[in-house]
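Since the structure of chain A is already known, use the hints to place chain B on it.
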Amino acid sequence: MRPNSIVIMGASGGGPRALNTIFANLPQLAGSIIIVQQMPKYINASFCESLAQLTDMNVIEASDEEPLKEGFVYIAPSEKHIQINKNRTIHLFDGDKVNWACPSVDVLMKSVEWEPPMRIIGVILSGLGNDGAEGIKHVKKIGGFTIAQDEASAAIYGMPKIAMETNQIDWQLTPEQIRLRLIHLVGRKQ
Amino acid sequence: MKYEVMIVDDEISVLHTVKALLDEANIPARTALSGRECLRELEKGFKGLILMDIVMPEMNGYETIQTILDKGYKKDILICLLTGQQTLESQMEQYQNYVLDYIKKPIDTKTLVKAVKQYLNYLKND
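Quick note, the sequences are listed as chains A and B, same order. Going by numbering that gives the first Met the number 0, the final residue of the first sequence carries number 189, and the count climbs one at a time with no gaps. Going by numbering that gives the first Met the number 0, the final residue of the second sequence carries number 125, and the count climbs one at a time with no gaps.
The following block holds chain A by itself, in its conformation from the complex (with noise of 0.2 Å):
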């Protein structure tokens, strides 16, 4: 079924420790999530695993034309761009790194469109680096919500940082704030 919401969440070091506490015990939701965490590529499939077994979401590697389905989460593949078409398709593609990343958080939050009643939320977590800002605008722009980890618990405080310095954070949260705000915006799936 088609998701209710799109989560993007961008991040790098520091990035596991923070979408471990998220997604701890995270039930099902009605939306999809995508994950942009900057890691070498042959530990993708660990990553996913690891992930999937803290919470109910169907965990995966995303793929390229996959559609997007509620309840599930896609971890970004290292080494490939990553957006979403129309907002109900993945697309993976080469590409010049952006930000020093590839993929990068920019890519794959401006990619999204305004589509309400689909609720757009983008979130950036630990990391060194400036990758997220401009996506944070762009889904401001378009009407969604925004969320950065607290400086308190970031291991790195640079993309969080340099998001907040764009004025269009919603919520500074730490990740247990971040995995209730994500239940209370995104519902649970029925």
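It should be emphasised that the hints constitute simulated quantities derived from the structure, not laboratory data. Any given hint could be a false lead.
Claimed, not checked - What follows is a set of in silico ranges between Cβ atoms, one per label pair, in the way DEER data are often shown: (1) B:Lys-113 <-> A:Glu-164: 42 to 50 Å; (2) B:His-15 <-> A:Ile-141: 51 to 59 Å; (3) A:Asn-166 <-> B:Glu-10: 35 to 43 Å; (4) A:Ala-44 <-> B:Lys-113: 42 to 50 Å.
As the list claims (entries may be wrong) - Some chain B residues judged to face chain A by a derived CB distance under 10 Å, without partners named: (5) Lys-73; (6) Gln-93; (7) Tyr-94; (8) Leu-99; (9) Asp-100; (10) Tyr-101; (11) Lys-103; (12) Ile-106; (13) Val-112; (14) Ala-114; (15) Tyr-121.
The C-beta atom is built at its ideal place from N, Cα and C for all residues, glycine as well.
Same frame as chain A, but now just chain B:
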């Protein structure tokens, strides 16, 4: 394949403390006093998680990571930086694919052990 932890720091007290924490958690670990020693261990076949200090004489953490990548050690290792710094050099951005975490000094035992187990698990399940 046996994956271990390598602690790389020019301060012997840090090496001893972190190794003791990992020993108590039954996590196999070895130590290296410098970036060069780290590279020697890799040449001898080390595979696993590298906990690397940033500020080291002769070859700092950034230079060590660059050399690790230049020498092609891109599989069977993961890197976490041990940092007492509030900010990191912008040059670290180009390594963000390879540096999975930043563990702040002074090191919290629970955080370290939990993170180390998680990252070793990523390698074991690969």
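Here is how each hint holds up against the structure:
1. B:Lys-113 <-> A:Glu-164: 42 to 50 Å: 31 Å, violated
2. B:His-15 <-> A:Ile-141: 51 to 59 Å: Given range 51 to 59 Å: holds, Cβ gap about 53 Å.
3. A:Asn-166 <-> B:Glu-10: 35 to 43 Å: The hinted range 35 to 43 Å holds for Asn-166 of chain A and Glu-10 of chain B, with Cβ atoms some 41 Å apart.
4. A:Ala-44 <-> B:Lys-113: 42 to 50 Å: Violated, at about 21 Å.
5. Lys-73: Holds: closest Cβ of chain A sits about 7 Å from Lys-73 of chain B, inside 10 Å.
6. Gln-93: Constraint on Gln-93 of chain B satisfied, holds at 5 Å.
7. Tyr-94: 9 Å, holds
8. Leu-99: 6 Å, holds
9. Asp-100: Constraint on Asp-100 of chain B satisfied, holds at 5 Å.
10. Tyr-101: This interface hint holds because 5 Å falls under the 10 Å limit.
11. Lys-103: 7 Å, holds
12. Ile-106: This interface hint is violated because 12 Å lies over the 10 Å limit.
13. Val-112: At about 12 Å, which exceeds the 10 Å cut-off, the nearest Cβ of chain A leaves the hint on Val-112 of chain B violated.
14. Ala-114: 6 Å, holds
15. Tyr-121: Nearest chain A Cβ about 4 Å off; hint holds.
This entry does not satisfy hints 1, 4, 12, 13, going by the numbered hints stated previously.
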